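J.: Here is how the chains run, residue by residue.
Protein chains: 2
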Amino acid sequence: MDLRKELELRRKLIEKSLKCFLPKAGEYPDYLHKSLYYSLFAGGKRIRPILTLAACETLGGERNQAIPFACAIELIHTYSLVHDDLPAMDNDSYRRGKLTNHKVFGEAIAILTGDALLTLAFKIMSDTNNLNRLDPLLVIKIINNIAFFSGIAGMIGGQAVDIKSEGKKIDEETLNYIHSHKTGALITASVRTGALVANASDKDLKLLTEYGQKIGLAFQIIDDILDIEGIEKKIGKKTGSDKKGKKATYPQCLGLDASKRKAWELDEEALSILENFGKKASLLSGITKFIVSRNK
Amino acid sequence: MDLRKELELRRKLIEKSLKCFLPKAGEYPDYLHKSLYYSLFAGGKRIRPILTLAACETLGGERNQAIPFACAIELIHTYSLVHDDLPAMDNDSYRRGKLTNHKVFGEAIAILTGDALLTLAFKIMSDTNNLNRLDPLLVIKIINNIAFFSGIAGMIGGQAVDIKSEGKKIDEETLNYIHSHKTGALITASVRTGALVANASDKDLKLLTEYGQKIGLAFQIIDDILDIEGIEKKIGKKTGSDKKGKKATYPQCLGLDASKRKAWELDEEALSILENFGKKASLLSGITKFIVSRNK
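Protein chains in written order, with my numbering: chain A, 201 to 496; chain B, 201 to 496.
Next comes chain A alone, as it looks inside the complex (with noise of 0.2 Å):
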């Protein structure tokens, strides 16, 4: 398998699908959209939606009705960056070498970019144009999922106690927390979207939600490797910030070696989750491994 252009051929898959999905261009109020649309064609890898896509068909479901929910979580994960570079927030002036939104649109129009990118996720879930073919029983429970993993008890429970533990010296218990939710949970829930779309059986969405949690836990602790030794290009925002921030990262609180330990122990107990779904997970055990790699 040619890993790149399998990521590859969804990724152009997915920002299709998200053009569609998305108000036209011109629409008023115009500079509403020009701000959604600049914050989420701003050159992310995709990395959730093709997550739900690959769990999709990993379980042998059909990608194209996984879509309108990787589309969905890719909003959700745009929403949350905008929100997060709000000057109240993280305070960040670059994003993948761009001016962060609030620094083109100014901070209202940021705020409600996000507000209007996160409703617009339940929108496209909840458009009966969008349903292929899916049991609405099943579409609200993954509304639900969604909802559940994004929210209080997920995403953004991690992104407050994240913002609250600034300055703060903590424990590795905390910052586990911080990092299963803020980063984690809308990983996990991308993996369990597409088990979900696939009509998982609970053993098999048991394991993925498993798989899910790892790869995310270590998709963050990479991200504060790259954040240390990663370079400025690399990336597209200065790097150091968190620590210039006095965020609380997995290398400040472990070290910079047993980071790295840690995330390659995770993504071995990832892969050896996937060995459960054989040759079929194939592009799964890609991605793993590709998130690791990030770090070479």
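No lab work stands behind these hints, which were simulated from the structure alone. Note that the structure is predicted; figures quoted are calculated from it, not measured. You can take every hint at face value.
Identical copies go unnamed one by one, so any copy, or any two together, can satisfy a pair.
Cut-off 27 Å, straight-line C-alpha distance, at most; resulting in silico cross-link-like pairs (DSSO-like, lysine-lysine): (1) LYS489 x LYS462; (2) LYS219 x LYS205; (3) LYS303 x LYS369; (4) LYS303 x LYS447; (5) LYS298 x LYS447; (6) LYS368 x LYS234; (7) LYS447 x LYS245; (8) LYS245 x LYS462; (9) LYS205 x LYS298; (10) LYS234 x LYS447; (11) LYS341 x LYS216; (12) LYS224 x LYS364; (13) LYS364 x LYS234.
Following the hints, complete the assembly by docking chain B onto the known chain A.
T.: Chain B only, in chain A's frame:
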């Protein structure tokens, strides 16, 4: 019919249900829960969710089936207030006589609280425990209806144009856009949601949508008038704040007398639509008169 008693009965039902749907107090992270409770139980009259229940009852629907959606609309309304009050938006320090959320919990938690309330609204609506024998396909349509009216083409669009029009001289068309979207859209959605729960015919849904649009606009005009004439303690925020903030309002655009006439006309038109439903609409009629009587 004793209107006050009927409104009070439903207000209490909504408050009780909201408490059931919210995460329990003390759940980690506790400051996020406290912040949600603070803004959600800050003395709102619950007009929107009561409209949902009343519209459902007008068409002979089951009130209990409408409750999760009515509560979701109140959560969406509350999130919009929390974000609206932020320094980057309207920069309000008081609402309903209490400090605004960011004044108590800080800007970052206020942003996350709004995000959490919005996400929770969709979680409640998609919780299969709250289905109450409703057809899942109908539930999806209701979720979509609410997402549409609270999104870019509805409430968020109105807020964006409102913000961008600050300090500018705007025409009546733009003013109508702002108010029919910023306030009117969610009020229209409240009424439509109740009608949808009751399995409204296309004709009834159309009539109640027009009714919702009219009272939504009347509601905002009365708000603008109260802002000029109102007594500070009555509406719980500093009067004259819209003028101070150079917000576009009806009294500013049309003058006070013409604004009052416009509100009364809209109210009369709304009441005449309700005549199609006979005595069953007596609660909705009462609410309609209540909206305008706030001015007296």
